[in-house]
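We have chain A; now place chain B onto it with these hints.
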Amino acid sequence: MAEEITLSVNGTKRVVSSALETPLLFVLRNELKLTGPRLGCGMAQCGACSVLLDREEVRSCITPVSYAVGKQVTTIEGLPSVWAAEKGLSEADAAKTLHPIQQAWIDEQVPQCGYCQSGMMIAAVQLLAKNPKPSVAQIKDAFTNTPPSPHLCRCGTYAAIIDAVQRAAKVMRA
Amino acid sequence: MTVKAETSREFPITMTLTRRGFVKIGGALFVSLYLPGQGSATRAAKNETSLDPSQLASWLEIRDDNTILMRTGRTETGTGMSGYYAQAIAEELNVRPETISLLMGDTDKTPDGGYSAGFLTGMSNVRKVSAYTYQALLGLAATQLGVPVSGLSVVDGIVSGEGRSISYGQLVQGQHLDLKIPVTGQPAKSDPAGWVGITSLDGFTVTGDPPMKPVSQFRIIGTSYPIPSIPDKVTGKTQWSCDVTLPGMLHARMVRPATLGSTLISVGEVDKKQFPTAEVVKKGNLVAVVSPDEWEAIAAARSVAASAKWTEWTGLPGSENLTKALREFKWGAPSESKGKAADVIAALANASKTISASYEQPYVRHAPIGPFVALADVRSDGSVTVWTHSAQSQGLRARIANALSTPVEKVVVRWLEHSGQYGRTTLGGDGAEGDAAILSQLTGKPVRVQWTLQEDLAWSTVSPGWVSDIKASVENGRVTAVHSAFYSPHMFDPRPLGTLLAGMPSSTSKPGGWIATEWPYDKIPNRLEEAYGMPNLGAESVSGGLRGNIMRTPGQRQQNFALEGLINEAAALAKTDPIQFRIDHTTEQRLIDLLNATAKAAGWGPRPSPHRGARRTGNRAVTGRGVSIMVRQNAYWVGIAEVAVVPATGAVRVTKFTIGADCGKIINPRQLDRCMKSGVVMGLSEALKEEVTFDNGKVTSTNWNRYKILTMEEMPEIKVVQISRDDKGFGGCSEAANAIGPPAVAAAFFDATGIHARKIPLTSAYVTTLLRS
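In order, the protein sequences belong to chains A and B. Just so we're aligned, residue 1 is where the first sequence starts under this note's numbering, counting upward by one. Just so we're aligned, residue 1 is where the second sequence starts under this note's numbering, counting upward by one.
Source of the hints: derived by calculation from the structure; they are not laboratory data. All residues carry an ideal CB built from backbone N, CA and C; glycine is no exception. One or more of the hints may lead you astray.
[What the hints assert, rightly or not] Partner residues are not named here, just some residues of chain A that face chain B (Cβ under 10 angstroms, in silico):
| # | residue |
| --- | --- |
| 1 | 21 |
| 2 | 48 |
| 3 | 67 |
| 4 | 75 |
| 5 | 105 |
| 6 | 106 |
| 7 | 115 |
| 8 | 162 |
So that you can see chain A by itself, here it is in the shape it has in the complex (with noise of 0.2 angstroms):
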């Protein structure tokens, strides 16, 4: 039975109603209308549907939304904001300045289909925050290895999703 459920979610108050069992990714698609999380595997197995969870990535498809209640949820949509409140832009800023995971991914060209990529940058943010100067072997390493289960991209881009890490990397480093 759908129950009245208060989320924060990319720094907002937000209020669903739904069942608490329901995964959070439909919660975020379906009634909050955030589409950058999407649907994969459905068995958290792929990573397409990745958001963070208070900063630590969780795979969104197999996750209840109760479990989400007095979390922080962050979707690529989300991103911008946590950059502008690490680095104190004023609101001018802000709004024209993208996660510099977002940008390097712009710039690095990585989407092909783009499917899987809001999973990947999630994936990334996390990995950056562990290890902000990764090696190629550290960011195989984590899009692999790091559970519960690998990044996948069926379009073959884990070349240009190095090179993207490793600019974006050098820019938050900075």
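Showing chain B alone in chain A's frame:
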């Protein structure tokens, strides 16, 4: 009034520029197509393209704000076509590419039909449309400025001459101008009894020869113009096909049969206490659960599926018996044959050395990260609108009209981006669109059908498994004859699953083989290529069985694995370096140049394979290197793989891959770099991991732990070599890189172990068996 374009005397074309009238606000030049001798294609094809008469069927619009809109039925598939088209238009019109926007794939808003696989024909269209328009704009400017066309020059959309200048926007301001340019062809049509179920895949083709900018003057083609859709994809603003919602829309989840051939015995109703707004909808063997709430549809469908009863069916051989099943089939005569049989048979019979080998690969599949999704709105007035990410909108439209027995002019297909699909919808079928249209017709509401990954990996079309018997004669270090025979279930059955399960009209599956190889070795004097076709495995079933479909670099990917494997075996027999051996068998200088450049980049030192330390036993890794080539669509490819094999465990790791391409004039070097590297990843995935498994009734590789694809950690260092040529036209380079990996990896495996790997994927289980045999 008709404005005569002054330049029209200089080239034999029949374009006409007409001023329809003056307008108070705005103004634009609309470029539309017409079929010479048949009046306007806009009118002739009105029913076919379902255009809103108030909106011209224009291909290109030059607007008074100096922006340009291109409308094309061809679509972006992730390989950058939307960027290349903008570059080509900008080049011919002398404008900045940023001023161009593209509207793609909507059948009611684009005039030309066509499909994403036809990049070269699409590129030719785009360039010619722009070239005609450029001439018309020059004519208008000549009149406005009082300067002859020969005295005009254009930079960034500003026409200048004799000290005066005017922008394209100013030229069209306050006017409504029509430019009609000549075309041939038609949008894709339903052809239920035909080879793939639709015809006219390429849509309209522009005719005539308008003057086009010489390659030497290109300023935009050849630069790394960024793909316009990327910023929105990265920030979450893109509307994907899975994001479309309509008022009153129902979410559907399908309840599929127990096996590919099971028919429905019974299905219960939903438990209304648990799922108050969900309903079961069915037609024939098509069963779904719909609900206004997506999660309720999912949960209720699971519950309904658990109690549904289906008949048993065991019409598949089981994937472990695939080779046996293919060998036992009575193939009859080849579906296609090229070459001189008598000469080849004589050469093989008289040769001092011959090679005879069989190559094979199991079923593989497109396996998009995003399972298929579609939304359909079938109204009581008979109109049908389908939202899709199909790569062949007009073809899909024809199939939907055929399935619903609806006139095609009642059907509109709207295209949006979604997960890559690698050829799966090139023929306008396979996807959730059939399900969605049928369910919307049954419920009278808009229905969004989202397949699950398990469903996508079990029920979508597949790239069929195959075997190839290939023979060669070798005399004095040269191949004198090649005979190849390729056996495979056919790869042309993209029928939408929903139409089959519901028993609605669909096309007929037409078994047949196909020779896709473009022959690179012109110095081999005798060759005979044969392709044999058979029906889908399990064809005699309600679903059509394992429906074969084309997949990235179709046919050639498979056949090139066998051919390049044979050439590597022949080089080893001749004790010749495999790159030199290839150079010895071709006169094609582009290929020879590319082989040399790629070898240099890879640090290749000439020697025969296998290398002296090759080993088939032991716990320590042995290393090897191997090469493969391919010619396809005016493009040349070379791949050099370096591998490490641990014989005791059968573990194969690709440690480095160097890929070279010459595709004539390179349009966008950075995107080509991206396509080459990502193609290598997909190719290595096939070489090392991919296999569709099935038991006697159903596919069993239905999640990412069972259908394994390459991960980032398994990707080797990839080096890229590009050769751009100004005098060879454009080549097709977006897709083919995937085909170059597997034969190079197999050659490197032989170099390392001394054992020919004639089958992929090189899983540890297969490799340990192979090395012990």
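Here is what the structure says about each hint:
1. 21: holds (8 angstroms)
2. 48: Since the shortest Cβ distance to chain B is 6 angstroms, the answer is holds.
3. 67: At 15 angstroms from the nearest chain B Cβ, residue 67/A fails the 10 angstroms test, so the hint is violated.
4. 75: holds (7 angstroms)
5. 105: holds (5 angstroms)
6. 106: holds (5 angstroms)
7. 115: Interface hint status for residue 115/A: holds (4 angstroms vs cutoff 10 angstroms).
8. 162: holds (8 angstroms)
Going through the hint list in order, the structure does not satisfy hint 3, though it satisfies all others.
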